[in-house]
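Enquirer: Hey, can you work out the whole structure from these sequences and the hints?
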Amino acid sequence: QQPVQSPQAVILREGEDAVINCSSSKALYSVHWYRQKHGEAPVFLMILLKGGEQKGHEKISASFNEKKQQSSLYLTASQLSYSGTYFCGTEGQGAQKLVFGQGTRLTINP
Amino acid sequence: DGGITQSPKYLFRKEGQNVTLSCEQNLNHDAMYWYRQDPGQGLRLIYYSQIVNDFQKGDIAEGYSVSREKKESFPLTVTSAQKNPTAFYLCASSMIVYSNQPQHFGDGTRLSIL
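Top line first, the protein sequences correspond to chains A and B. Counting along the first sequence from 1, when you hit position 88 you're at 88 in our numbering, and nothing is skipped either side. To convert, take the position in the second sequence, counting from 1, and add 1000; that gives our numbering.
Worth double-checking, as some hints may not be accurate.
[Stated by the list, open to error] Within a straight-line C-alpha distance of at most 20 angstroms, the following computed DMTMM-like cross-link-like pairs (lysine to aspartate or glutamate) qualify:
1) A:Lys37 / A:Glu58
2) A:Lys97 / B:Asp1059
3) A:Lys97 / B:Glu1062
[To be verified] Among the chain B residues that face chain A by a calculated CB cut under 7 angstroms, a handful are:
4) Gln1041
5) Gly1042
6) Leu1045
7) Val1097
8) Pro1102
9) Phe1105
Since the hints were derived computationally from the structure, they do not count as laboratory data. Quick caveat, the model's predicted, so the values are computed rather than measured. In this text, a Cβ means the ideal position worked out from N, Cα and C, and glycines have one as well.
Expert: Written as structure tokens, this is what we have:
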């Protein structure tokens, strides 16, 4: 079952923060995050495995709450290069494949 | 540089015609995947392969077929049975089919109906 991402779209000014959420109705083993710019291939950001860990990559970090079956992606002090559509991909227990959310379009303005 | 190459970038299909999308990787990855992306939508899994000569149906396999004769290659055929083939098709690979492995994507093929 497809995870639900929120918000569907967000517009920020450069330097502002954003949070993108990903929720599933099923128990999760892992959550992947990818960013896709228009007409390009998705680019891997990070993977979170069950255990509630938080990971970071420069000013982009994420958390995974396995009890709530949800993950959040945090973008701090956003840069113009952060613009794009962010997808979460979730893996259920024993599924060995990802199911992607519908995406969150992030627009960063100067 | 290692990566995934998809070809062609744009493809047009006539009614009743089968077309084949190419996907080649030189990352030495065992697992390969095909996804379909419609405008404003997420990625939906068509087929995936964990190893040469083996592949599994994804969520939307009807009207598609694949083969995996070589580790590097995972072509996708869109058959005439797929009545709504217009979409952006993405090929991906990962070291193995496990959750701690990131997927690397090709640049995609955009398929349209003539």
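Enquirer: Does each hint fit the structure? Answer for all of them.
Expert: Hints versus structure:
1. A:Lys37 / A:Glu58: holds, 19 angstroms
2. A:Lys97 / B:Asp1059: Between Lys97 of chain A and Asp1059 of chain B the Cα gap is close to 10 angstroms, so the pair holds against 20 angstroms.
3. A:Lys97 / B:Glu1062: Between Lys97 of chain A and Glu1062 of chain B the Cα gap is close to 18 angstroms, so the pair holds against 20 angstroms.
4. Gln1041: Holds. Min distance 6 angstroms.
5. Gly1042: holds, 4 angstroms
6. Leu1045: holds, 6 angstroms
7. Val1097: This hint holds: Val1097 of chain B lies near chain A, its Cβ roughly 5 angstroms from the closest one there, short of 7 angstroms.
8. Pro1102: At 4 angstroms from the nearest chain A Cβ, Pro1102 of chain B passes the 7 angstroms test, so the hint holds.
9. Phe1105: holds, 4 angstroms
The earlier numbered hints are all upheld by this structure, with none contradicted.
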